[in-house]
Structures are given as C-alpha cells and as structure tokens.
Amino acid sequence: MNIIHVDNLVKHYRVHHREAGLRGSVRSLFRRHYETVRAVDGISFDIAQGEIVGFLGPNGAGKTTTLKCLSGLLYPTAGQVTVLGFTPHRRERSYLTQFTLVMGQRNQLLWDLPAMETFLVNQAIYDVPEVEFREMLDELVALLNLEPLLTKQVRKLSLGERMKCELTASLLHRPQVLFLDEPTIGLDVTAQAAIRDFILAYNQRHNATVLLTSHYMADVTALADRILVIESGQLIYDGDLSGLVERTAPYKLLRLTLEKPVNGNDLLALGEIESADGLKVALRVPRRSTKDVAARALATLPIADLTVEEPSVEEIIREVFRKGGDHA
Amino acid sequence: MRRLMRVYKALLQTAWATAVEYRAQAFLWILSSIFPLVMMVVWLAIVDEAGPLAGWGRADFISYYVGAAVVYQFTFVWSTWQWDEDIRTGNLSVKLLKPLDPFHYLFSEQIGWKVFTLLFIVPVVMVIAWLSPAIQYPLSLGRAAAFALSVIAALVLAMLMSCTFGVLAFWSTQVSNLYQLWIGVGSFLSGWIAPLALFPASIRQVAYLLPFRSTLGLPMEILMGRLAWPEIGFGFAVTCGWCVVFLVLYRILWRAGLKRYEAVGA
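Protein sequence lines, in the order shown, are assigned to chains S and B.
Using this note's numbering, read the first sequence as starting at 3 and increasing by one per residue.
Using this note's numbering, read the second sequence as starting at 8 and increasing by one per residue.
Note that these hints are calculated values from the structure, not bench results.
Errors might be hidden in some of the hints.
Straight-line C-alpha distance at most 20 Å; calculated EDC-like pairs for lysine to aspartate or glutamate [as the list claims (entries may be wrong)]:
#1 Lys-105(B) - Glu-94(S)
#2 Lys-16(B) - Glu-132(S)
#3 Lys-16(B) - Glu-94(S)
#4 Lys-105(B) - Glu-132(S)
#5 Lys-158(S) - Glu-28(B)
#6 Lys-266(B) - Glu-134(S)
#7 Lys-293(S) - Glu-316(S)
#8 Lys-16(B) - Asp-129(S)
#9 Lys-105(B) - Glu-134(S)
#10 Lys-266(B) - Asp-43(S)
Derived Cβ-Cβ restraints for the label pairs, each shown as a range [to be verified]:
#11 Thr-153(S) - Arg-9(B): 53 to 63 Å
#12 His-208(S) - Arg-30(B): 40 to 50 Å
#13 Ala-208(B) - Asp-129(S): 46 to 56 Å
#14 Asp-129(S) - Gly-64(B): 48 to 58 Å
Just so you know, even glycine gets a beta-carbon here, dropped at the ideal spot from N, CA and C.
Starting from the given sequences, assemble the full structure and let the hints guide the process.
Here's what the structure looks like:
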C-alpha cells in the first residue's frame, strides 16, 4: 500500500536579489529585482508502508523543500502530494498526529529546561494517554540510552545527546511516517551509528515509513532499501543502491601491488588507470570482465597482491551529480 | 476543550519553570513596572503647580498610576517579537509541525510570566497601598470582580492584537516596529499618558470606542470607582467587540500567511 504519493510536485520560490553595501540597499528600496527559484520542478514518486528511502542530492537540490511539502509546511506551487491519504498543507489534526519531521538543524526542545519537560508538553499536545506515553518513553529511553539525560537541562547536553532527545520528542506520539532531514548532521561516528541503529529499530518495530536525507553516505547505505536522487529540483534516479552503482559506475576497481615496476602499456592493456603510486596501481575494469582481467593480470604481471573492490559510494554519488550537472 | 486544558496546564508549567530559570531577567522586568510611575511624577508636579485638574488631585493621580503599574504588567504583551523572529528565521516550522495553533504557546508563555511577576508585584503594591493614605480603591465585591474580569479581558485583547500584528510578519519584516507604533498611539488613548477623564469630551468619546482603553484605562476606572454599572457594561461590550475583531483578523491573516510561508533555513 502506498503511504506517500507525490505526483509532479512543483515548488517555486520568489527571491529578491540585493546588491551588497549601502548603495545596493538604497537601490533595492526603490526597485526590487525578483527571481523565481525552481526548488522542486516536477518530481513524482510513491513510497510504500515500511520502506526506508534515502533522499540524495547536493545542497540546494530540493530535498528539504520536498520534505517540507510532505510535512505541510509549504504549499506546493503545483502538483499533488498525498501522505496517509491526507493533503499535507491542509494541516488536519489527524494528519499532524501521524507523522513527524526531524530537522537536524532545528531544535524543538525547550532550551532551558530538562528534555523531560518537552516530552510532557508533547504528550499533552498530541493527547497521548498516560499508559501509552510511559510505554513509548520506556522503549525510547532503552533504545537510545537516555536515562541519564532526562533531568539535564537541554542547553547542557552535547549535540549527540540533544539529537537523541530530539528524536524521542518527535516519536512519542508513535508516528507512522518519519521524515528525517539530516538527522545525524554534526555528530561523531559513534553517535551517528547509534542514531542509525535506532531508526532501523523503530522502522522494524512499528513498520514505520521513513524518508531521510543525509550527507553521510553511511546513513544511506546502512538504512535505505531504495534511493531517490534529486538534482536541480528533478528526480534523476529512483531505485536500489546496487542499481545506482551499476548504472553510474559500470566498473570495479582492481587494486594491484606489484613486485617491480612494469611497462605502462601492459597496465593499459588491462584497463583504465585510476591511480598509480609507485608499485601500487588501481585499474578500472568493466564489471563483467573483472574475473578474466584479474586472471590475465596474475598471469602476465609480477604481482604481490591483488584485490577487487567496488568503487566507494561517495565516489559514485559524486559521479552522479557530476553527470546530472552536465545534463542541466 | 479538555485536551486544550491539559495542553495549557503543561505549557504553563514550562512557562513558569522558564520564568524561574530566568529569575534575574524576571526581576529586571518587574523593575520596569515603575514606568507608569514616571507619568505619575509628571502629573504630581503639574498638580502641585496648578491645583487639581478636572477634579483630579494628588491622591487620585497616585492611586491611578500605582494601580496602572500593576495592570500594565498584566496587559503588556510582547508576542509580536516572537512571531517576527519565528517567521523570519523559519523557526515557526517547529511549531507548525505540531497539532496546535502557535497562539497557544505564546499565550501560555505570557500567562506564565505574568503570574510569576504578579506574585512579586501585587504584595508590594498592597503594602504600599496600605501604608499610603493617599491610595484609595473604593471597591465593593461586585466591582472587585468586575476589575478582575476587566484585567483578564484586557490581557486577552492585548494578546489578540499582538498576534494579529505578529502574523503580518508573513508579509513584512517590520512588524515589530509597526506594533510599537500601534502601542505608541495607544499610550495616548489608553489612559497611560493621562487618565482619559482629563481629555476633552470629544476625544474621550473616540477613545472609548477604540481598543486601547480596554487594556489600561477601563480596569483602572473600575478600580477607582469612577464608573457606574452601565458604563462598565459599555466598556466590556467594547472590549469584547474588539476581541472578536482581532480574533477574526488573526485567523484570516494566519491562514493567508501560511500559504506564503517559506519555511526558510534547514
């Protein structure tokens, strides 16, 4: 069953440009130069219940704008959005109580009070019965190891601790749909991993649907079964990660450590040279012929060590965006 | 309705806790309640030179402005600044995600602060009033109730005005200044600069129909026993009328504004 349906979503902003300095500000008093920014320019996708979908794209590609349209913060310029059967921007109560949007760079916690105060306010706002509230709180406290944080003032928490509390505050009403915008931004590797594990656990326990954006590739590879790649407001890929890898990088990396220097032409006969550093060489080899090429290399070259690697996902994404940029 | 009561209970607890957390700031805020007393000093100087004005002598001005200092504490609302900041920075997004009109956050914040500060001010003023023979509030039980009700109505009206100006921030970045201008005009017509009894009848008639008197002059005139019951009734009618006007304006602007909201920032 489709939980999220996006059909030809368009969101344009009108921004006005102002030259820097006094002269610019005086000029903009009288004549304003407006420009339309096509933040999202006709994207469509469907997401089924329980899916975890990763939203990738460079800064300004339209990821956050899309999430905001799905959350009802923004009125779409055109197109149709339905989540759980609701039109988000109508902001009906029965919709607002069924999803959450966690923004890594925004804070809903009451800054000067312990996080528990925010949790209690949210319990009242979302009208969560006491028994369910305690149950959910206990679950979240256990999963995120929150116990020692509950009575500390929010402003005294570390960034990672705050994010854990932020997630807790956002999930106490047991939303079915989670929009996560950079949930791990600025966190260290351990905290990132903790948040990731948690998102996965929540998804499995509650069969929740998750759409997340992140700049950390590890978030996406660890969590998402499916990837949406967006570039300049347009969807340029929708599918699983391995499909994206095959489409974007139809090669693998053959890493060789040589026993002694060899003729460059002998290497070129095997594949494209990705990098060469003394006796260490990396070759790009077509995916299909990796096995043959590796065998030939072993037969013809003085090889101390040989490994076959997938190109890193970071690299692939860079590749995708580079190509996307070329198309635009 | 029961849900809203629970929400207010929770929000008031946090507003209270925040006020306690910022007790130094709260103390400074309490000190600022001497502002109306500045006007009192001015009027006392004039009365000393020129004798009673329109039947108002020293004791009347002292009673009026000491009471006004308390009422002013209760009816000065600064939610417009919060709206302005929330909309400009995109922080409104956090509130918009919740199934609750942001009005309630701001209103409970105001109530929390006011209860906190009044706990300090009211006893102080009561002691002053008891010690000073000049201060006289001839209150019956009925008038005391009318006074209390008029102060609550004043807070509600001030809140609605503040939020109506606040949501204009969807269109303009100047709403705080605009609101300040509104309050500035209001300080003449509310009874802040001078009790309305001292104005020429024609201006007073106009002031009685505008919303400003409800936020200061009306409660004070009730407190000082200057109004007959029909006049009190008329004052309440004007207050309620303006509450409805600003409530409707707020709702219309809020809905229209949401369409323009750009949820800036991450």
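Looking at the structure, which of the earlier hints fail to hold? 3, 6, 7, 11
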